[in-house]
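These protein sequence lines map, in sequence, to chains L and C. All the letters of the first sequence, read from the start, carry residue numbers 0 to 118 under numbering that gives the first Met the number 0. All the letters of the second sequence, read from the start, carry residue numbers 0 to 133 under numbering that gives the first Met the number 0.
These are computed hints drawn from the structure, not numbers from a lab. Don't take every hint at face value.
Stated by the list, open to error - Label-pair distances were calculated between CB atoms; the ranges are:
1. K18/C / D104/L: 30 to 38 Å
2. P34/L / G66/C: 41 to 49 Å
3. N84/L / G85/C: 30 to 38 Å
4. G110/L / T93/C: 31 to 39 Å
5. N103/L / S98/C: 31 to 39 Å
6. S80/C / A79/L: 33 to 41 Å
7. D2/C / K98/L: 43 to 51 Å
8. G41/L / T29/C: 19 to 27 Å
9. G85/C / N103/L: 45 to 53 Å
10. S98/C / G41/L: 18 to 26 Å
To be verified - Only some residues are given here: those of chain C computed to face chain L with a beta carbon under 8 Å:
11. G56
12. V79
13. T128
14. A130
Bear in mind that the values here come from a model prediction, so they are computed numbers and not experimental data. Cβ coordinates follow ideal geometry from the N, Cα and C atoms, glycine included.
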Amino acid sequence: MPQRTLIIIRKPPFGSVDSWEGLRLSLSFYASGLPVEILLEGVGLFNWLKGITPVSVDPQSVSRFATDIEKFELPVFVVAEDLANLGLNQDDLVSTYPKIISRNDAALMIGAHEMTISV
Amino acid sequence: MLDSSIQAASVKVQEDNKKKLGIILYTSPTTSQFWFGIEIAKRALAKGYGVRMFAWGDSVYALYGSGSTGAYSKASNELVSMLSSGNLVLDVCTTCIKSRGLTNSNPIAGANLSGMHKIPEMIKTCHKTLAMIP
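With the rest of the complex left out, here is chain L:
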């Protein structure tokens, strides 16, 4: 019974392996042929930020997952209000690939998915 799954990444790419695990999981969904979308929430958007070199503080870099996620065209979303609150804009992201949505749309997105996994 295929379901639409939303993976919410709430952690930055350092300090814990949570975002690494979440991004790794999204690629497992892709490989299994199950629809999946990724929401980078709050400081979770640091996983797509330019100039972040998690390798220096954490040996498990997320950048290879980000590259694959873009290559396989898994939908990725960033909340506009989170960017603003962190004093950032879209140019600070490693690419223009993530779609910028409002917090309201993010809430609607969460409600529209049958399964949500938040790390």
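Guided by the hints, dock chain C onto chain L, whose structure is given.
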């Protein structure tokens, strides 16, 4: 011969139709999320449901509680007890085991050392899947 084939087919249909609950464990046995997952699984098994569980992240420590005390030991005992019912399928993230420096040998009989692909597979095959993540 025919009767036994029909009986076997009937058993298979019953197994296929049995409600299945998926539970994703992520946190260590010292957290409430882990124990909520265990308690929900126990109750589902008691009601005759099939349960699939995936131990991911720090929850893999639950397999290594034998010989220790407290939450880790209790977690191992609970998993062994549920596996003995025959209605629990327990898959464990091998990458998570290796990255925590734990031995790659299977510490609990019946648990399957596996990969992340088991989570989407669980969502596909279970009627409902719960992610016990804070």
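Status of each hint after checking the structure:
1. K18/C / D104/L: 30 to 38 Å: Once the Cβ atoms are compared, 34 Å apart, the range 30 to 38 Å for D104/L and K18/C holds.
2. P34/L / G66/C: 41 to 49 Å: Since P34/L and G66/C have Cβ atoms about 43 Å apart, the given range 41 to 49 Å holds.
3. N84/L / G85/C: 30 to 38 Å: 51 Å, violated
4. G110/L / T93/C: 31 to 39 Å: At roughly 34 Å between Cβ atoms, T93/C and G110/L fall inside 31 to 39 Å, so the hint holds.
5. N103/L / S98/C: 31 to 39 Å: 37 Å, holds
6. S80/C / A79/L: 33 to 41 Å: 49 Å, violated
7. D2/C / K98/L: 43 to 51 Å: Since D2/C and K98/L have Cβ atoms about 60 Å apart, the given range 43 to 51 Å is violated.
8. G41/L / T29/C: 19 to 27 Å: Holds: the Cβ-Cβ distance is about 25 Å, inside 19 to 27 Å.
9. G85/C / N103/L: 45 to 53 Å: 47 Å, holds
10. S98/C / G41/L: 18 to 26 Å: 25 Å, holds
11. G56: Check passed: Cβ of G56/C comes within 6 Å of chain L, closer than 8 Å.
12. V79: Check failed: Cβ of V79/C comes no nearer than 26 Å to chain L, outside 8 Å.
13. T128: 6 Å, holds
14. A130: 5 Å, holds
The structure is inconsistent with the numbered hints 3, 6, 7, 12, although it conforms to all the rest.
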